[in-house]
Amino acid sequence: MLIPTPLLFSFLLCLCPPCLSPFQLSLPPDTHHSHSSSKASQHQGKERRITKRLLDPAHLRVEYWTLISREQNPKMDSDEDEVLHSSYGRKVINIGDVLVRKKGDNLRPCEPETLQFIAEHTTIPVPKVQDTDWQDGRLKCIIMDFVPGKPLDQIWVDLTVQQKLDIAHELHGYVRQLRSLRGDYIGAINRRQAVFGQRSPIECGPFESEREWNAFILEDIVSTAPRMMRHLARYCLSRKHQIVFTHGDLVPRNILIDEKTFKVAAILDWEESGWYPEHWEYIKAYQHLQPMTDWPDVLAHILPLKYEKEYIGMSFLYPLLYH
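Reading the sequence shown from the start, the letters are residues -22 to -1, 1 to 301 in mature numbering (1 follows the signal peptide of the UniProt record, and there is no 0).
Honestly, the hints are just simulated from the structure, not real lab data. Note that the structure is a prediction, hence the values are computed from the model and not measured. One should not assume that every hint holds.
[Stated by the list, open to error] Lysine to aspartate or glutamate pairs mimicking DMTMM-like chemistry, simulated, CA-CA at most 20 Å apart:
#, residue 1, residue 2
1, Lys128, Glu60
2, Lys262, Asp247
3, Lys118, Glu188
4, Lys81, Glu197
5, Lys142, Asp275
6, Lys238, Asp109
7, Lys287, Glu181
8, Lys69, Glu98
9, Lys128, Glu197
10, Lys262, Asp227
11, Lys106, Asp236
12, Lys262, Asp275
[What the hints assert, rightly or not] Here are the computed distance ranges between Cβ atoms for each label pair:
#, residue 1, residue 2, range
13, Gly175, Pro274, 21 to 27 Å
14, Pro282, Asp114, 17 to 23 Å
15, Asp131, Arg154, 21 to 27 Å
16, Lys241, Arg208, 45 to 51 Å
17, Pro204, Asp236, 36 to 42 Å
18, His266, Leu210, 23 to 29 Å
19, His279, Asn84, 42 to 48 Å
20, Lys238, Pro282, 28 to 34 Å
21, Ala203, Lys241, 30 to 36 Å
22, Val200, Asp114, 31 to 37 Å
23, Asp123, Arg154, 40 to 46 Å
24, Gln268, Ser158, 44 to 50 Å
25, Leu62, Arg212, 17 to 23 Å
26, Arg189, Leu143, 36 to 42 Å
No residue lacks a Cβ here, since even glycine has one placed at the ideal position from N, Cα and C.
Start from the sequences, fold in the hints, and give me the full structure.
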């Protein structure tokens, strides 16, 4: 006699004590957690890794729902799910205030690796990765712990001046931790590709030196740029910078604030992070000076003003670049 899956799962829940951690629920061997290019070709694109790491009964129930719903229709989200953020073909979905699912067709494989790296080497609060889903060798989904809080840009108007300065001071400390991590190439973690571009970012590299990085930027100048502008562009870049770990998108929407303590609950969206020249964090952050009226003044506390020549140089270059 076949037992309906929900009833069977309820029975398993009763048998599973709260202290059982982690609890592994996996599909048959052909969808094992490990993944390789050879297996991908062998299964002709049918490999689906959906092994779930389940930490307690609450996670167990949420993951069960996720597993069943995705098997029925992997592209469907429940009407009860809260979409926390959506852009560029990606969605960040809240699953029962327990987990968060980030999904899309263009997720960067380095992001879950980066979150683990940051958690191990700094005290910066980041979401804990519980699992990833790969299909045909591409990252399709990241399952992370849900972190309660509000993006900084959503609560900015309700903060006092002192609260804003306290948050800036906390963020400055986190940025210093990042910059204390030194690298010997330019690119994402584990020698994955870097991200470059303001209009339409592209993956490139990795680059063994800042000289190679600068050469790539100059090669991105559009063919219609006048010769005089090309000549001036050569003087916009230098190659005397240290390589440090960089978030790459340190903007208010990616800073989660605890609504009770007004402390930083988490720094989000690490897909553009990696090893970059020491001025790159400043260049990227200074591109977003108008999300809130007094944000530039607070940003100066997070990233004290420096690298003026580099900022002016990239401000000159960006209109000339294809990407």
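Evaluated hints:
| no. | hint | in the structure |
| --- | --- | --- |
| 1 | Lys128 with Glu60 | holds (14 Å) |
| 2 | Lys262 with Asp247 | holds (14 Å) |
| 3 | Lys118 with Glu188 | violated (32 Å) |
| 4 | Lys81 with Glu197 | violated (33 Å) |
| 5 | Lys142 with Asp275 | holds (10 Å) |
| 6 | Lys238 with Asp109 | violated (29 Å) |
| 7 | Lys287 with Glu181 | violated (25 Å) |
| 8 | Lys69 with Glu98 | violated (26 Å) |
| 9 | Lys128 with Glu197 | violated (40 Å) |
| 10 | Lys262 with Asp227 | holds (6 Å) |
| 11 | Lys106 with Asp236 | holds (17 Å) |
| 12 | Lys262 with Asp275 | holds (16 Å) |
| 13 | Gly175 with Pro274: 21 to 27 Å | holds (23 Å) |
| 14 | Pro282 with Asp114: 17 to 23 Å | violated (45 Å) |
| 15 | Asp131 with Arg154: 21 to 27 Å | holds (23 Å) |
| 16 | Lys241 with Arg208: 45 to 51 Å | holds (48 Å) |
| 17 | Pro204 with Asp236: 36 to 42 Å | violated (51 Å) |
| 18 | His266 with Leu210: 23 to 29 Å | holds (26 Å) |
| 19 | His279 with Asn84: 42 to 48 Å | violated (34 Å) |
| 20 | Lys238 with Pro282: 28 to 34 Å | holds (29 Å) |
| 21 | Ala203 with Lys241: 30 to 36 Å | violated (46 Å) |
| 22 | Val200 with Asp114: 31 to 37 Å | holds (34 Å) |
| 23 | Asp123 with Arg154: 40 to 46 Å | violated (25 Å) |
| 24 | Gln268 with Ser158: 44 to 50 Å | violated (30 Å) |
| 25 | Leu62 with Arg212: 17 to 23 Å | violated (44 Å) |
| 26 | Arg189 with Leu143: 36 to 42 Å | holds (39 Å) |
Figure legend: structure checked against the earlier numbered hints; hints not met, in rising order: 3, 4, 6, 7, 8, 9, 14, 17, 19, 21, 23, 24, 25.
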